[in-house]
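Protein chains in written order, with our numbering: chain Y, 271 to 519; chain H, 19 to 323.
Hints in this document: simulated from the structure, not taken from any laboratory. You may find that some hints are simply not true.
What the hints assert, rightly or not - Quick list of the computed label-pair ranges, beta carbon to beta carbon: (1) 63(H) with 444(Y): 19 to 27 Å; (2) 482(Y) with 223(H): 45 to 53 Å; (3) 349(Y) with 223(H): 48 to 56 Å; (4) 444(Y) with 222(H): 49 to 57 Å.
What the hints assert, rightly or not - Pairs of lysine to any residue residues, derived as SDA-like cross-links and limited to a Cα-Cα distance of at most 25 Å, are as follows: (5) 230(H) with 185(H); (6) 474(Y) with 29(H); (7) 446(Y) with 314(H); (8) 354(Y) with 314(H); (9) 123(H) with 297(Y); (10) 453(Y) with 438(Y); (11) 477(Y) with 297(Y); (12) 354(Y) with 118(H); (13) 445(Y) with 313(H).
Glycine included, C-beta positions come from ideal geometry on N, C-alpha and C.
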Amino acid sequence: MRAVIFAIIFLFLTSPFSLSSVISDIDKSDIELSTRFDGTSILVFGALSPEIDSTSLLVEVVGPSASVNIRKKVQIWGIWVNKKIAHFQDIPSFYQISISNPEHPILKEIEYKKLKSLFYDFLEINSTPEDGNAVEQYYDELTRLKKNLGKLSTFEEEVNIIDKKLFSYKVNLPKKIQPGLYKIKMTLIDQQGNELSKSEQSVKVSKVGVQEFLSYNSKNNPIFYGLFSVIIALFLGFSAAQLFRWLYR
Amino acid sequence: MQIFLPIADVPVDLFVLLILGAAVGFLSGVFGIGGGFLMTPLLILLGIPAAVAVATEANQIAASSFSGVLAHLKRRAVDFKMGNILVVGGLLGSAVGVEVFRIIKSYGQIELFVSLCYILFLGSIGTLMFLESLSTIQQSRKSANTFKHKKKHNWIHGLPFKTKFKSSNLYISAIPPVIIGFIIGILASIMGVGGGFILIPAMIYILGMPTKVVIGTSLYQIMFITAFTTFMHATQNKTVDLLLALILIVGGVLGAQLGARVTVKLKAEEIRILLAIIVLLVCLKLALDLMITPSDLFSITYGNE
Numbered sequence: 271m272r273a274v275i276f277a278i279i280f281l282f283l284t285s286p287f288s289l290s291s292v293i294s295d296i297d298k299s300d301i302e303l304s305t306r307f308d309g310t311s312i313l314v315f316g317a318l319s320p321e322i323d324s325t326s327l328l329v330e331v332v333g334p335s336a337s338v339n340i341r342k343k344v345q346i347w348g349i350w351v352n353k354k355i356a357h358f359q360d361i362p363s364f365y366q367i368s369i370s371n372p373e374h375p376i377l378k379e380i381e382y383k384k385l386k387s388l389f390y391d392f393l394e395i396n397s398t399p400e401d402g403n404a405v406e407q408y409y410d411e412l413t414r415l416k417k418n419l420g421k422l423s424t425f426e427e428e429v430n431i432i433d434k435k436l437f438s439y440k441v442n443l444p445k446k447i448q449p450g451l452y453k454i455k456m457t458l459i460d461q462q463g464n465e466l467s468k469s470e471q472s473v474k475v476s477k478v479g480v481q482e483f484l485s486y487n488s489k490n491n492p493i494f495y496g497l498f499s500v501i502i503a504l505f506l507g508f509s510a511a512q513l514f515r516w517l518y519r
Numbered sequence: 019m020q021i022f023l024p025i026a027d028v029p030v031d032l033f034v035l036l037i038l039g040a041a042v043g044f045l046s047g048v049f050g051i052g053g054g055f056l057m058t059p060l061l062i063l064l065g066i067p068a069a070v071a072v073a074t075e076a077n078q079i080a081a082s083s084f085s086g087v088l089a090h091l092k093r094r095a096v097d098f099k100m101g102n103i104l105v106v107g108g109l110l111g112s113a114v115g116v117e118v119f120r121i122i123k124s125y126g127q128i129e130l131f132v133s134l135c136y137i138l139f140l141g142s143i144g145t146l147m148f149l150e151s152l153s154t155i156q157q158s159r160k161s162a163n164t165f166k167h168k169k170k171h172n173w174i175h176g177l178p179f180k181t182k183f184k185s186s187n188l189y190i191s192a193i194p195p196v197i198i199g200f201i202i203g204i205l206a207s208i209m210g211v212g213g214g215f216i217l218i219p220a221m222i223y224i225l226g227m228p229t230k231v232v233i234g235t236s237l238y239q240i241m242f243i244t245a246f247t248t249f250m251h252a253t254q255n256k257t258v259d260l261l262l263a264l265i266l267i268v269g270g271v272l273g274a275q276l277g278a279r280v281t282v283k284l285k286a287e288e289i290r291i292l293l294a295i296i297v298l299l300v301c302l303k304l305a306l307d308l309m310i311t312p313s314d315l316f317s318i319t320y321g322n323e
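Work the whole structure out from these sequences, hints included.
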C-alpha cells in the first residue's frame, strides 16, 4: 500500500506536468457480497499537481442503476395505505460526492447540477400533484429518503489532502448494496467549477457463493429454483424424521 | 451473527431466526399445530417482506409436514383416496391464490393485503380459542368433559359424485373434499399457512372422518399443497428465500421434537389460553402497525411495480 503511494509520487514527480492533473488508485477493485457481508470500505488515494491552492478535488462514487418508487402513506378508513406517487427510472442506487475544499464558492450549484443530471431528470409522476411545489417535493423526498438509507451523501465526507500533493478518501459502503459496477471519479475543478483534470477508478461488487447461487437462479431459472427448494425441503423433512426415529429407537 | 438473506434482501440475525424457528416449532410440538399462522406474521414483524415471508413459510411447512406424514404412514393413519381428492382441490386453490397474490403484488399492496388477512384470521382464531379454553376450564371444574362426536346425516349426503372411502369408512360425495381442499390451497398460497386448524375441524365435522386418520390425511394434503405453492411462488413471484427456509426448517425441527417430548407442567387448557394470548398479541401488533400514524409518511421501494 505504502509502496503504491510512493510509486505514484515517483511517477508524478518525474512526469513533465504543466497543467493541473490528478492520478489515483484504490485499495481493492473487487468486493464480494457473501452471506456474511456486513458493509465495507474502499480507500481511494492519489496525487495532485501542486496548484491545489486555486483548485479543489471532487470525489464522486456512482453505484449501479436501479429504479425507485416514492410511496406516500394515506389514510383510508382509518388504515394507513401506501400509495405510489412518483417513480425515478434508472437512477444510481448509491451516490456520494465530496470535495477537498468545503468552502468552495459554488458548492450548492455543483450539488444541484449533479443531483439533477443523475436523479431529478428521471422523474415520472404518478399521481396528479396536489400543489405547484409537488415536483420539488418529490426531489426533496428522494434526497431525504436516500440519505436516511445511507445511499446518498453530499459533501458530508472529508477528502484528505496531504501536503497539497497527495489525497486520500474513504468510501464506506453500507451492508445493503446493489451488486454491479461502482465508479469512483476524481475531478479537479477551479473556483468557477470548470473541470481541469479527471481520473476514474471502478470497483466491481458481486454476489458470491450461496448468495450468488440463490439469487441468480431465483431470477433466471425459476423452475429449477422452485423444484430445488421443494426437493431440499422434502429431503430435510425426511432426514429429520429418520434422525429422530433413530435417536429415540 | 448477522447474515444477509439473498431473496428477502435484508440482513437478519441468524440466532434470532433459529430461536424463532425453534420457539414456533416447540409450540407446534406441544399443540400439534403447524405453526405457519404464527411464523409468517412474526417474520413480517422481523422486517422480512410479506411476499417473501408467505412463500418461504410454505416451503418450511412442506418440510415439516413431510416429516409428519412419514410418522403417520407407519401407523397406516392416512386415507389416500380422501387425501388425493383434497389435493386436487388444493392444487386448484393454490394456483388461483398465487395468481391473486401476483396481481396484488404488481399493485404494490401485498404487505397490506397479507396484514389484513392475518388480522382477520388471527383475530377470529385467537378469540375462538380463548373463549373455548375458558369454557373448558369452567366445565372441567363442574364435571368431566362429556363431548362426543356424533355422525349426522346432513346435506353432504345429498350431493352427487358419491364415492367410497375405505380407510375412513365413508360413502360421500367428492364435491365437499374438493371445495375444502380448494380453500386450504388459497390459504396456503396467500398466507403461508398449512391450514391444518381449518382442515382438521372440516374433516371431522363436515366430512365426518374418523379422528384416527384425520391428522395423517391432513398432513398428506398439506405436504402436497405447500410443496406446490412453493413451486408456484418461486416461478410466479420469485419470492422463495431458500436460505431463510433452511434456517427455519432446522430451528423448527429441533423445537418440534423438543415440544413433542417434553411433559408440560401446565394443564392443556391453560396452555391453550397462553397460545390464544400470543395469537391475539401478534394480531394486535399487526393492526396497530396499520392504524398508528407512521413517523415517516414517505418510503422508497425498488423496481418497476
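Here is what the structure says about each hint:
{"no.": "1", "hint": "63(H) with 444(Y): 19 to 27 Å", "in the structure": "23 Å, holds"}
{"no.": "2", "hint": "482(Y) with 223(H): 45 to 53 Å", "in the structure": "50 Å, holds"}
{"no.": "3", "hint": "349(Y) with 223(H): 48 to 56 Å", "in the structure": "34 Å, violated"}
{"no.": "4", "hint": "444(Y) with 222(H): 49 to 57 Å", "in the structure": "53 Å, holds"}
{"no.": "5", "hint": "230(H) with 185(H)", "in the structure": "10 Å, holds"}
{"no.": "6", "hint": "474(Y) with 29(H)", "in the structure": "21 Å, holds"}
{"no.": "7", "hint": "446(Y) with 314(H)", "in the structure": "21 Å, holds"}
{"no.": "8", "hint": "354(Y) with 314(H)", "in the structure": "15 Å, holds"}
{"no.": "9", "hint": "123(H) with 297(Y)", "in the structure": "42 Å, violated"}
{"no.": "10", "hint": "453(Y) with 438(Y)", "in the structure": "16 Å, holds"}
{"no.": "11", "hint": "477(Y) with 297(Y)", "in the structure": "19 Å, holds"}
{"no.": "12", "hint": "354(Y) with 118(H)", "in the structure": "20 Å, holds"}
{"no.": "13", "hint": "445(Y) with 313(H)", "in the structure": "24 Å, holds"}
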